[in-house]
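Peer 1: As you go down the protein sequences, you meet chains A and B in turn. Numbering of the first sequence is given in UniProt numbering, commencing with residue 1 and proceeding in unit increments. Numbering of the second sequence is given in UniProt numbering, commencing with residue 1 and proceeding in unit increments.
Just so you know, these hints were derived from the structure itself, not from any lab. Please read all numbers here as calculations on a predicted model, not as lab measurements. Don't take each hint at face value.
One copy or any two copies: either way a pair holds, since identical chains are not told apart in the list.
Distance condition first, Cα-Cα at most 30 Å in a straight line; then the derived BS3-like pairs of lysine-lysine [stated by the list, open to error]: (1) Lys148 - Lys19; (2) Lys130 - Lys19; (3) Lys148 - Lys184; (4) Lys184 - Lys19; (5) Lys219 - Lys19; (6) Lys148 - Lys31; (7) Lys184 - Lys30; (8) Lys115 - Lys219; (9) Lys130 - Lys31; (10) Lys31 - Lys19; (11) Lys148 - Lys30; (12) Lys130 - Lys184; (13) Lys115 - Lys148; (14) Lys130 - Lys219; (15) Lys219 - Lys148; (16) Lys19 - Lys30.
There are 2 protein chains.
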Amino acid sequence: MRQKVVDITNRPTDSDPIKIAAELNRLEPKKRARTLQQMPTEMIDAVFWQLEPEDQAVVLDNVPHDQVIRLLESMDPDDRVHLFQAMPADLISRLMTQLSPRERHCTELLLAYPKETAGRIMTPEFIRLKPGMTVSDGLAEVRRHRDKAETIYVLPVSDDAMRLVGVVELEDLVLAEPDERIQKLIREPQYSVSAWDDQEVTARLIQAADLFAVPVVEKDNRLVGLVTVDDAMDVLQSEETEDIARAGATEPIGRAYFSVSPVRLVRSRIVWLSLLALAGTLTVNVLSAFETTLEAVVSLALFIPLLIGIGGNTGAQSATTIVRAMATEEIHTGDLLRVLLREGLVGLILGALLGIIAFLVVSVIFDRDIALIVTLTLIIICTLASLVGSSMPLFARIVGVDPAVVSAPVVTTVVDATGLLVYFLIAATVLGL
Amino acid sequence: MRQKVVDITNRPTDSDPIKIAAELNRLEPKKRARTLQQMPTEMIDAVFWQLEPEDQAVVLDNVPHDQVIRLLESMDPDDRVHLFQAMPADLISRLMTQLSPRERHCTELLLAYPKETAGRIMTPEFIRLKPGMTVSDGLAEVRRHRDKAETIYVLPVSDDAMRLVGVVELEDLVLAEPDERIQKLIREPQYSVSAWDDQEVTARLIQAADLFAVPVVEKDNRLVGLVTVDDAMDVLQSEETEDIARAGATEPIGRAYFSVSPVRLVRSRIVWLSLLALAGTLTVNVLSAFETTLEAVVSLALFIPLLIGIGGNTGAQSATTIVRAMATEEIHTGDLLRVLLREGLVGLILGALLGIIAFLVVSVIFDRDIALIVTLTLIIICTLASLVGSSMPLFARIVGVDPAVVSAPVVTTVVDATGLLVYFLIAATVLGL
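Work out the full structure, taking the sequences as your base and the hints as a guide.
Peer 2: As structure tokens, this is what we get:
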């Protein structure tokens, strides 16, 4: 790894910030910190915007004061807010006082909105046009204020009271006649989001409508900012990473795999693992309750892992499908009944298909009684698992919990215990124990 | 649902294609087809580009011939190719002959590249500038060819042999002096992809570098197209949906949840479920091998679901983390050893932590022997599970299989059987059976 440390710092010529940031993210924390401290000034300037907030903080700790200010001033307001979230409060307030009034104002604007809202990821730095302007006025406005705006491709149009009228795109200005009115160029259909809307909802709108940016409004439709497509992509990426982590019963580590210590990996997993283990002890109770049945027919034990395994997988399939469909807003909590009917049917069919095969195999290798027990259990477990796997994410959303939290592993654990119960109740009945 | 059918078709005034498409995707197949057939022409024109290829095909089956051609002509080439993929070959060739020569040519260009490559999702319709042009030449070129290009925000610059020189953005033209040379405005750092590059790699570059579009080149750096950010977002979305589906041991259904029949849901799950069940039968074999041990100490059976459950969850945690890190290109196959060391350590720590707690609890409720067996098993199973869960995705990539395929459920199934083996070997040793 020492190799790599030298590797990066000795190539100030390679100016591709993406590659450098990617290499940095493959270094363990200590080495990364050392590398950042060794980085030549011009490379830091080039790569800073690509760094994780934590690393940006490290950089700011190690560069001269004037560069700190230069780097902070150069950031987009939403990125700066993101960085500040990774800093101690006193440091933030000290840095704030050193920002130019304009940048400080922008930062405070964003910080006024809760985390994960459109207001937090928007840029308050945009060029706004007025409906009455001509195209040439508009272009003049763009040229005059370019360096004050994050993008000039999407230009919000607002009235004198800053109420959003619509947006025009730079393209429209370039192609229209100079004396055309801005009013005439406003895009249809019109889209906008509230500063208090969820960042993921905002990002999905940008994606679905193929927008470069969507205007952000406060109450009375007052224009306050713009969320750009690049921020939307980052939001979707981090939301997906979060959902996937949760689906695997880990807390998101929030940054690149190699860039966190093994201890941090343990911390991201131990809580979930313990909770699931605790819930798993239910299976011990169920089995103790049926210990006499087990002693009578030990061969019943042979099918325990297989049956609860299949149940767990069926439940995981439903949960994964539903959680994803909820994330992409295809399913709402109101669909609970509709979902249960579909998933119940799907689970029943899956269970029946597997059950038939199981009956043929088991009745040959073991005996008809065991075969009957296994088959009936499969049918019920699969139906049950699909119902549990599909309803739990919806219930989670209803009580305000992230549906991704109750996906595969949680469902599997729930199905394990109930599956055993089903198995032994059927066994006891069939065997008349 | 009938309600909804009327709902959509009676609101030609609501022209937001996003909302209409979303509503359509919540209808079962039959109702959706009926709705599409009832849709007024102007609404079809508005919503067509937002429809799933399958639904676009349905529409084309039901509208007059001239509208078919109009709709096809209006599509971006990459979307048209996407649609053709959902059509029978003979129909494609018939439609191709009716396209304008230019659109046909574009479509054939894209179809020449394999699925899931940059070449398939690029647009061959772009405005290219030459290094020697002045800014005003460039702007004139943009105005002249606007309707021939999918975007005018990113303008590739190429020499007379069509070799890519770089890109300029419309912004640069608008802000530069009219007599400035295009050469001078070329963006740094320069990015481009090969037409044969994977579509996900292309999309992630666009995301990482915050690009609006990236130029696509053939051999000799010959410029052939442009991949735009909106296509990149769609690629990432579908790749992520695919990964998540695989992580849940289902085949991606490739469209909205309610828009597919329960039978199609069954088909997307039965194959994986059967394969996993087949692999799961290994657990039956392991248990039969130790049936005598079980008969001697039935209470051993009590911990089977709990132990393999914990093992499965630990493996799922590793697998999920690694698969995601591979998708975002933080981990390469070359990192196998590095990953194994980290995950082995993490698994060992997790196993030790749970083992200690287990020992205290079990030795109180049951006896020291059982407690010892459970603890040792936990430590070994967790370490083993982390190693399996982290290595399988990497091995999959090495042999050219999608790593997402061997995530949580597969790992869990593998860990189940090996976990049981570990458990009973330890038990036999400790109990001297």
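Peer 1: Hint by hint, say whether it matches the structure.
Peer 2: A quick look at each hint next to the structure:
| no. | hint | verdict |
| --- | --- | --- |
| 1 | Lys148 - Lys19 | within (28 Å within a copy, 34 Å between copies) |
| 2 | Lys130 - Lys19 | between (42 Å within a copy, 29 Å between copies) |
| 3 | Lys148 - Lys184 | both (25 Å within a copy, 23 Å between copies) |
| 4 | Lys184 - Lys19 | between (44 Å within a copy, 25 Å between copies) |
| 5 | Lys219 - Lys19 | between (42 Å within a copy, 23 Å between copies) |
| 6 | Lys148 - Lys31 | neither (37 Å within a copy, 51 Å between copies) |
| 7 | Lys184 - Lys30 | neither (57 Å within a copy, 41 Å between copies) |
| 8 | Lys115 - Lys219 | within (19 Å within a copy, 46 Å between copies) |
| 9 | Lys130 - Lys31 | neither (52 Å within a copy, 45 Å between copies) |
| 10 | Lys31 - Lys19 | within (17 Å within a copy, 50 Å between copies) |
| 11 | Lys148 - Lys30 | neither (37 Å within a copy, 53 Å between copies) |
| 12 | Lys130 - Lys184 | within (11 Å within a copy, 33 Å between copies) |
| 13 | Lys115 - Lys148 | within (25 Å within a copy, 42 Å between copies) |
| 14 | Lys130 - Lys219 | within (20 Å within a copy, 48 Å between copies) |
| 15 | Lys219 - Lys148 | within (25 Å within a copy, 41 Å between copies) |
| 16 | Lys19 - Lys30 | within (20 Å within a copy, 49 Å between copies) |
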